[in-house]
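K.L.:
With the hints as your guide, set chain F onto chain L.
There are 2 protein chains.
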Amino acid sequence: MEKVNVKEKFDAISDYWNPRIVGELNGQHVKAVKIKGDFVWHLHENEDELFYVVKGVLTLEFRTKTVIVNEGEFMIVPRGVEHRPCANEEAHILLFEPASTLNTGNITNERTRSKLEKI
Amino acid sequence: MEKVNVKEKFDAISDYWNPRIVGELNGQHVKAVKIKGDFVWHLHENEDELFYVVKGVLTLEFRTKTVIVNEGEFMIVPRGVEHRPCANEEAHILLFEPASTLNTGNITNERTRSKLEKI
Chain L
1 MEKVNVKEKF DAISDYWNPR IVGELNGQHV KAVKIKGDFV WHLHENEDEL
51 FYVVKGVLTL EFRTKTVIVN EGEFMIVPRG VEHRPCANEE AHILLFEPAS
101 TLNTGNITNE RTRSKLEKI
Chain F
1001 MEKVNVKEKF DAISDYWNPR IVGELNGQHV KAVKIKGDFV WHLHENEDEL
1051 FYVVKGVLTL EFRTKTVIVN EGEFMIVPRG VEHRPCANEE AHILLFEPAS
1101 TLNTGNITNE RTRSKLEKI
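Chains as they are written, first to last, in our numbering: chain L, 1 to 119; chain F, 1001 to 1119.
Excised from the complex, chain L in its bound form:
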């Protein structure tokens, strides 16, 4: 039972779009991910997903609108809703979601990370 320093976790990450598990509770994971560029359009059939912006700016594209999520803001994407996370510059994101959540949701491609590292 130890506290977690979020900045230290991000300092330990050097690649993009590769979420690390930094906390576990109630069947949920807290994940830290550095992002830059455009991800893949996808949805999660059974999981709602929270994106909390620790640093930088996250652009969340939906089929009907685009939301700019700034540092100190979060957004919850309900299950079943297609979305594409993007970032013009490097951004640091905390994710809060069920342990079952796959990063690319209903899509499997070279960006899929099915086995996540705990840091």
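Derived from the structure by calculation, the hints contain no laboratory data.
Derived pair list, reagent style SDA-like, types lysine to any residue, alpha-carbon separation capped at 20 angstroms:
no., chain 1, residue 1, chain 2, residue 2
1, L, K9, F, E1071
2, L, K55, F, N1070
3, L, K3, L, R20
4, L, K55, F, K1055
5, L, K3, F, N1088
6, L, K9, L, G72
Now the in silico label distances, taken between C-beta atoms and shown as ranges:
no., chain 1, residue 1, chain 2, residue 2, range
7, L, N46, F, T1059, 33 to 39 angstroms
8, F, K1007, L, D11, 22 to 28 angstroms
9, L, T112, F, P1078, 28 to 34 angstroms
10, F, K1007, L, N88, 19 to 25 angstroms
11, F, E1024, L, T59, 22 to 28 angstroms
12, L, S14, F, K1115, 43 to 49 angstroms
13, L, D38, F, K1115, 40 to 46 angstroms
14, L, E117, F, K1055, 29 to 35 angstroms
15, L, N88, F, V1057, 32 to 38 angstroms
16, L, W41, F, W1041, 44 to 50 angstroms
17, L, E89, F, E1002, 21 to 27 angstroms
Chain L is nowhere near these chain F residues, computed Cβ spacing over 10 angstroms in every case:
no., residue
18, G1037
19, F1039
20, L1043
21, G1056
22, N1088
23, E1089
24, L1102
25, T1104
26, L1116
27, E1117
28, K1118
For glycine and all other residues, C-beta sits at the position ideal for the given N, C-alpha and C.
P.N.:
Chain F alone, transformed into the frame defined by chain L:
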């Protein structure tokens, strides 16, 4: 489906130890709470609880140790572990926990908040 600005939520809170619901996902709540002073010793039988410090300093007392949780840090308190949150000065905390979680856990007293406001 809207983003949430965390600072704006805290700006709307003027009392202490009265958590507000600011997000819901996967049967979990995201709550914002301003704290100052000492809370009551308690535990949650069935819920792990995450404390994320957005502003200020949180002191988490356990029966065996005390942990100082600073801004930008979080700590997960597993179910069944007795704890007492304290803060010498006003602190702003985000909680991530199951919707069933009662603020005073196994204790019921004048600080219990069984019906939380959504803001």
